[in-house]
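Mind docking chains B, C and D on chain A? Use the hints.
Below are the chains, spelled out letter by letter.
Number of protein chains: 4
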Amino acid sequence: MKVAVVGASGYTGLELLRILLRHPRTEIVAVTSEQRAGLPLGEAFPSLAGLSDLCFERAEPAALAGRADLCFTCLPHAASAPSVAELRKAGVAVVDLSADFRLADPATYERAYGPHGAPELFGAAVYGLPELHREALADCDFVASPGCYPTSVLLPLVPFLRRGLVEPRVLVDSKSGVSGAGRKLEAGFLFAEIDENVSAYKVGGVHRHVPEMEEQGSLAAGEDVVVTFVPHLLPTIRGIATTVFTRPRTSLPQAEARAVLEEAYAEEPFVRVLPEGATPSLAGVRGSNFCDVQAVMDERTGSLILLAALDNLVKGASGQAVQAMNLMRGFPETEALLEAPLVP
Amino acid sequence: MKVAVVGASGYTGLELLRILLRHPRTEIVAVTSEQRAGLPLGEAFPSLAGLSDLCFERAEPAALAGRADLCFTCLPHAASAPSVAELRKAGVAVVDLSADFRLADPATYERAYGPHGAPELFGAAVYGLPELHREALADCDFVASPGCYPTSVLLPLVPFLRRGLVEPRVLVDSKSGVSGAGRKLEAGFLFAEIDENVSAYKVGGVHRHVPEMEEQGSLAAGEDVVVTFVPHLLPTIRGIATTVFTRPRTSLPQAEARAVLEEAYAEEPFVRVLPEGATPSLAGVRGSNFCDVQAVMDERTGSLILLAALDNLVKGASGQAVQAMNLMRGFPETEALLEAPLVP
Amino acid sequence: MKVAVVGASGYTGLELLRILLRHPRTEIVAVTSEQRAGLPLGEAFPSLAGLSDLCFERAEPAALAGRADLCFTCLPHAASAPSVAELRKAGVAVVDLSADFRLADPATYERAYGPHGAPELFGAAVYGLPELHREALADCDFVASPGCYPTSVLLPLVPFLRRGLVEPRVLVDSKSGVSGAGRKLEAGFLFAEIDENVSAYKVGGVHRHVPEMEEQGSLAAGEDVVVTFVPHLLPTIRGIATTVFTRPRTSLPQAEARAVLEEAYAEEPFVRVLPEGATPSLAGVRGSNFCDVQAVMDERTGSLILLAALDNLVKGASGQAVQAMNLMRGFPETEALLEAPLVP
Amino acid sequence: MKVAVVGASGYTGLELLRILLRHPRTEIVAVTSEQRAGLPLGEAFPSLAGLSDLCFERAEPAALAGRADLCFTCLPHAASAPSVAELRKAGVAVVDLSADFRLADPATYERAYGPHGAPELFGAAVYGLPELHREALADCDFVASPGCYPTSVLLPLVPFLRRGLVEPRVLVDSKSGVSGAGRKLEAGFLFAEIDENVSAYKVGGVHRHVPEMEEQGSLAAGEDVVVTFVPHLLPTIRGIATTVFTRPRTSLPQAEARAVLEEAYAEEPFVRVLPEGATPSLAGVRGSNFCDVQAVMDERTGSLILLAALDNLVKGASGQAVQAMNLMRGFPETEALLEAPLVP
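Chains as they are written, first to last, in our numbering: chain A, 2 to 345; chain B, 2 to 345; chain C, 2 to 345; chain D, 2 to 345.
Derived by calculation from the structure, the hints in this document are not laboratory data.
You may find that some hints are simply not true.
Identical copies look the same in the list; a pair holds intra-copy or inter-copy alike.
Distance condition first, Cα-Cα at most 16 Å in a straight line; then the derived EDC-like pairs of lysine to aspartate or glutamate [claimed, not checked]: (1) K90 <-> D142; (2) K203 <-> E257; (3) K185 <-> E61; (4) K90 <-> E111; (5) K90 <-> E187; (6) K3 <-> E216; (7) K203 <-> E277.
Chain A with its partners taken away, still in its complex shape (with noise of 0.2 Å):
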């Protein structure tokens, strides 16, 4: 299958490359950037030199419509829908890494985004979470992929919101590793800012990503789930770590905590239980597609605590974007992803 990788020139464009030059099933057949058109694959990414030959170009949408079967998005939001729309009109299938497909409530969107640029597909996308959704993508053509930090919450959550176990009032302390904001030329993504210090950020307001955990955590559960939600930033490269505070609804003992998680992704491939007492580690998961997960529950206070790990780059965006394409075009879900983490 040919595909292509739209605003490929950031971290997540990089990381689709890497795992799409090993997909046995599918050619990129083009790669596109505004400030880096002209340039070789392997001057812009030294880490690709002689892994493709490849130049970026200055594609509009359209253009690519006969040469693509399917697009991969990595545009920031807002500037992702009118690109997205073309496509989508020119008929070629879209997984959009951004956050313009990922909510279902317009209002909500333009509370957290703005204006809109492709109102009338609003709500077309699948949401492409495997794990909750992979009927609606075995046979879809437009699909949003989630965000890192609501994949992170949902997984290890969305078992107990399902079942009723726990009180929809959640609350989630993240971690997450620098190259979650992307190549931004910001002071504070300085190595001498990052390096030895933690710190938390957007406290109190609504985080962008905090509708996208509602929104599907309230889908699951069937009431509304509301989440106070403190992301931090970690001096790593990669990876989010994700605590989730829940409290059960009745007496929930450790045993049958951990049965909940381990009885919804027992069939999984990306998605680990961890043995009883072993918990999720950003290592334990670097640059492949787990997520790893562990319910613990704290019985002299009564709270439920739930644990995650994933890289961001990949289970976080483009491995979870690629898991998506290979349920929408009926290849093995594993395919291309399920390479061990690389440790140490």
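Using the frame of chain A, we list chains B, C and D on its own:
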């Protein structure tokens, strides 16, 4: 004043020496260590070469009596109690950095640490958090210096507990640099295991520091405070960043929430309430005795989020111990401690 | 082909498993370890959970004979030789990752490592640097896989030595990530000691890797090559960056210097000669089997500076071992090895 | 004494403030910055909150004349010269941290930096390396504070050059933390690009710091010294580790090589010659004004290897500038500078 450091070969010992070497009113007369006895300080700790002519010695506590007016004891918990008992019997003032004398309830101590090595002294020490117990410290000879995690939780939380503003069920997510574990030779603390990694540990059981938080919290609240505590290990050498999730009993607008902290700490030299919108960071306190705090009311979800950052080896251990000594001896409280953080 | 990994519980063992798990032509039939015998792979290495059902076993080398066609031995030097001897006697092909069979001169070996454990096999292995000894590898059953430091020195240097372009007195400054030391439990490898730190080690004595550089270098030069070698420990998990200072025998303009490398490596899949002006970086090769090289002629001072970067666990160890196996068995040389580096 | 810091918004400015705030004989009367004028110090640099009431101002240099007795100028090269000229004209003593007044030869300056902004002052400043020019500093009003790389090269090398013990052709491999590049907003200094990475830069051309090394080296040697210099960027915030490869003119046994350093620095408070067998490390000097040095004679290969480590922001910049000021004003040379390194 003549001081000695007992069990000085670990990180808190080294940090104490770093601070005491610049203290204008103390003379270090002895540093003891089982393993390093005989070694010049500058050989055991190359960073101290040229700064002191002392050698480690294997002194019995009692033998220090004639030589030192005050001893800092940096021994592991359980090992500390008998040494402290000897020193106290010999009339030496003690600031103990272990956990052995921090708790008020012997049963709680035994559950967490096993049998106590000097039960006759249980309850004899003042809990050395100057911001809570300054007056008691001013006239005492025996101090139990607080743990790093409890300091980071109590400083932002206690002002709210004292006024009865929040419910006594508190959720805490803490992140600590690896020096908090001391110089332990375990595979889990090797660079290749910690770097680019983050994970929670000791989740759900009672972390040893929880009783200390709950005791001091309850004391401040006048009712039982219960803490769900999830500690994480960070890829940093120093620093603790703590996020406390609480729930106001009645409406507490953002401005009032911050005012609670500002009023509590207006006169405190080492607790800095950050400006509205700023969040505490490890970098902002690195190498210093400051604890930076912030309060953020998430009005949409009804959660009050309290944030703190401190250097676990300074305000979380050795700096706090010197601060207590300054108070015990009537020195200016900030002596040797008002250094600017090492930034970048 | 059925393969086994002997002594698989360290970092090179883990890395071999990571690579072999994606190799389409090999089946891992056994992984052995003294300490971890009985443990499922996914428990010993949580990153491998879900990827393999193997358990560590405590197999005698001879017992592997019927089960595996080829063994990778990842034992420490000296311990490796007797196991390799048994395997060879039983007719099993071996790729040995220790230092035991890399040297040609027994006296040199003994000076560096002490008595040899299988003197009858001394000199029997092919030195497994495919870029130097591809033909010999193609038809052999016993390979001594090169050390990480020597690979990083030889690849940029040998093309100049072969043509007699530089003086045989060479100065090398190498910097290595800590995984090069394996999983050793020494205080010096703790995170708090390595992070934010760099230092040289084993300066001036004969580092164990020097004889390997000098032997292979002399072989290429046809005269005695002498190497002054200063290794440094870096605060990174992976990677070696090497700077070689040499002196051209006659005028060697910059363009010609680079052309020497370009000609030598035009057909090599894993050695990338960087574009003029670019310098090799650890990031550019992280997790991959590439070795990036560059030549810079400092015409003002008459020094030819050669630069190389590789991942010590891949091209410096396990990747190179698989590359050798591919050649030994007539598989495509790049099988399982042409992965894009993990960037960022 | 009243001092001002001109151009204080970068890392060297911040470090100067950190040191001056603890200096018992100086009062900081002004800190200037174009971009940050009006901001309280504690807002621009949160780490300094609570330590100073100063605000940044946009003062003309001349306007500082009446207010400050001595100015530290932390402006970029070329921008510094005219400001320094104004200050000197107004009779203010100056310690300039830029490169503008370090060189003796105007032609060399212009080749490296372009036209000089105050040619009339060229050669008027004393080169502020106290270990080489203590006497000249003791009675001067204008100091050019040395660069970080040259300090790390000259301190271990000059004792050998002065005695004519080594050949004047010197090879230097230096590794620097990123704060050496200041707070520059370039993609190459982002955390995700620097962490887990190392690479050489500006290889082969004349790095701007080379003329400074060669001028001071030649002055010490009494003959032309030529330096081949390869700088590397490290994933650390602070620190420079330098390895110098030299060749003794005649036999120089190890004991004599170390004795050369020991004799040269026996009385120096900030240069520590490490014990036999120890190597300088960034950690050993972190946050301090020490420069640790070592000499190792590799008798087998005839290379004398000199090693040095310093904190680029302290002994490599702001600490050294304060050391010069102490000498200029007859204060104790170690005032405010004899702090223990921040370890771990």
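We went through each hint and held it up to the structure:
For the identical chains of this complex, K90 and D142 are intra-copy neighbours only, at 12 Å inside a copy versus 59 Å across copies, given an alpha-carbon limit of 16 Å. Taking the shortest alpha-carbon separations for K203 and E257, neither the intra-copy value of 35 Å nor the inter-copy value of 19 Å comes in at or below 16 Å. In the homo-oligomer, the alpha carbons of K185 and E61 never lie at most 16 Å apart, since the shortest distance is 24 Å inside one protomer and 34 Å across protomers. With identical chains, the CA atoms of K90 and E111 are never at most 16 Å apart, being 23 Å at best within one copy and 60 Å at best between copies.
With identical chains, the CA atoms of K90 and E187 are never at most 16 Å apart, being 36 Å at best within one copy and 39 Å at best between copies. In this homomeric assembly, K3 and E216 never come within 16 Å of each other (Cα to Cα): the closest approach is 33 Å inside a single copy and 50 Å across copies. Taking the closest pair of Cα atoms, K203 and E277 come within 16 Å of each other only across two copies (12 Å); inside a single copy the shortest separation is 33 Å, beyond that limit.
In the structure shown, a violation is registered for the earlier hints numbered 2, 3, 4, 5, 6, in ascending order.
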